[in-house]
Structure formats: C-alpha cells, structure tokens
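Colleague: Sequence:
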Amino acid sequence: TDDVKKALQVKTEAAQKLCELLAEIDTDWIWLSDAWDFRCQWGKTWTPQSVSAYLSSLPQERMILYSTAEDLWEKLYKKCNYYGKTTWGFGTLHSFAGDDEWHNGHEDLIKRVREAVREDSSNPCNGMFLVPELTNCDVLYFHLSAWLAWNPLEVEYKSAVQQYCRLRYGQA
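The sequence shown begins at 1 in the working numbering and counts up by one.
Simulated from the structure, these hints should not be mistaken for laboratory data. Bear in mind the structure is a predicted one, so any value in this text is a computation, not a measurement. Some hints could be false.
Ranges of calculated distance between the beta carbons of each label pair, as one might list FRET restraints [claimed, not checked]:
id: 1; residue 1: 3; residue 2: 124; range: 31 to 37 Å
id: 2; residue 1: 43; residue 2: 140; range: 31 to 37 Å
id: 3; residue 1: 146; residue 2: 23; range: 28 to 34 Å
id: 4; residue 1: 3; residue 2: 166; range: 18 to 24 Å
id: 5; residue 1: 16; residue 2: 49; range: 16 to 22 Å
id: 6; residue 1: 157; residue 2: 25; range: 39 to 45 Å
id: 7; residue 1: 105; residue 2: 168; range: 15 to 21 Å
id: 8; residue 1: 157; residue 2: 28; range: 38 to 44 Å
id: 9; residue 1: 168; residue 2: 49; range: 44 to 50 Å
id: 10; residue 1: 3; residue 2: 142; range: 36 to 42 Å
id: 11; residue 1: 21; residue 2: 56; range: 17 to 23 Å
id: 12; residue 1: 157; residue 2: 21; range: 31 to 37 Å
id: 13; residue 1: 123; residue 2: 170; range: 38 to 44 Å
A virtual CB, placed ideally from N, CA and C, is assigned to each residue, including glycine.
Input sequences plus hints: build the corresponding full structure.
Modeller: Okay, here's the thing in structure tokens:
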C-alpha cells in the first residue's frame with residue numbers, strides 16, 4: 001500500500017497475532033523471523049524508528065531474527081540499530097534463484113561475518129543462517145559459511161580451502 005502508516009500497522013498487527021497464536025499452541029515457542037521486508041521496504045515502510053517500534057511491540061525474548069542477505073548487502077543490522085533486544089543472526093543468501101554466479105566472494109564473506117561479530121553494540125550478532133535460493137553452484141561457499149557459523153574469528157581463507165579440498169578429494 002502507498003499508505004505507509006497503514007502498511008506498518010497491518011504488518012505489526014499480523015506479527016502480534018502470530019505471536020499470540022504461537023503462545024496458544026506451545027508455551028515454549030520461539031518465532032524465527034527474517035529482516036527481508038526491512039531491506040526491501042527500507043526508506044519507505046521501514047526506517048530505524050519504525051523497525052524499533054515494530055520489534056518493541058513484539059515479545060523480543062521469544063524471537064530470533066536473521067538479517068537476510070548480509071553477505072550481499074551492506075549492514076542492515078546497523079541501520080536497524082542491531083534489532084533492539086531481539087536476538088539476531090547473520091544471514092547468507094548467496095544466490096537468488098536462477099542467479100548462480102559468484103557475488104562478493106569467499107574472502108568478502110569472512111570479512112563481513114567478522115565485522116558483524118565484532119560490532120560494538122549492546123546486541124551483537126548471535127548466530128548465522130544459511131538461506132540460499134540456489135545451491136550447488138558454489139559448494140565451497142556453503143562449507144565456508146558453516147565453518148564461520150562455528151568459529152568466525154578463527155576461519156582463515158587459505159586453510160579453509162585446504163580443508164575443503166582434503167574433505168572433498170582426500171589427502172594428497
């Protein structure tokens with residue numbers, strides 16, 4: 001809708017109703033959501049203020065949000081003030097469906113993940129999500145993403161490539 005206030009109201013009410021429904025179904029519920037809409041509607045529906053109002057209207061202690069496509073775009077988590085008190089993780093999309101070329105590369109992924117983990121904020125990155133629309137075009141990318149999820153500050157590109165080759169092709 002062109003009515004930004006109405007769009008934000010509809011999105012907020014829908015999310016609140018979803019949380020109520022989840023609470024009725026399961027007392028230990030956790031809502032895994034993403035930041036895709038924040039990115040796609042940035043500057044229109046979503047601003048730092050509207051993201052903050054939206055998230056603070058929800059039970060943030062019951063949410064985990066992945067910041068979709070941080071491997072492709074520039075630090076949405078920072079624009080969104082680290083998502084307030086909502087636990088969040090770094091999302092790697094890598095390839096849109098049908099779009100199978102390399103985007104930013106392996107070393108750029110390492111750099112971006114480390115930046116997110118090292119950010120000086122009261123709500124730092126607390127996880128990593130692999131959410132590809134296309135797989136098997138760059139298998140190393142997904143191995144690297146998984147290794148970064150376990151220990152982002154220890155992964156070095158050269159040793160990761162060597163490990164990948166050993167695992168895939170055996171010892172030389």
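Colleague: For each hint, tell me whether it holds in the structure or not.
Modeller: Outcome of the hint check:
1. Taken as a hint, the range 31 to 37 Å holds for the pair residue 3 and residue 124, whose Cβ atoms sit roughly 35 Å apart.
2. Separation of residue 43 from residue 140 is about 35 Å and conforms to the stated range, judged on CB atoms against 31 to 37 Å.
3. For residue 146 and residue 23, the Cβ-Cβ distance of about 32 Å falls inside the hinted range of 28 to 34 Å, so the restraint holds.
4. Separated by about 57 Å at the C-beta atoms, residue 3 and residue 166 break the suggested range of 18 to 24 Å.
5. Residue 16 and residue 49 have their C-beta atoms about 18 Å apart, which keeps the hinted 16 to 22 Å range intact.
6. Separated by about 44 Å at the C-beta atoms, residue 157 and residue 25 satisfy the suggested range of 39 to 45 Å.
7. Distance hint check for residue 105 and residue 168: the Cβ-Cβ separation is about 19 Å, which falls inside the suggested range of 15 to 21 Å.
8. Taken as a hint, the range 38 to 44 Å holds for the pair residue 157 and residue 28, whose Cβ atoms sit roughly 39 Å apart.
9. Between residue 168 and residue 49 the beta carbon distance is about 48 Å. The supplied range of 44 to 50 Å therefore holds.
10. A hinted range of 36 to 42 Å for the beta carbons of residue 3 and residue 142 is consistent with their spacing of about 41 Å.
11. At about 20 Å, the beta-carbon gap between residue 21 and residue 56 stays in the expected band of 17 to 23 Å.
12. Distance hint check for residue 157 and residue 21: the Cβ-Cβ separation is about 44 Å, which falls outside the suggested range of 31 to 37 Å.
13. For the pair residue 123 and residue 170, the beta carbons lie near 43 Å from each other, so the given range of 38 to 44 Å is met.
In terms of the numbered hints stated before, the structure departs from hints 4, 12, listed from lowest to highest.
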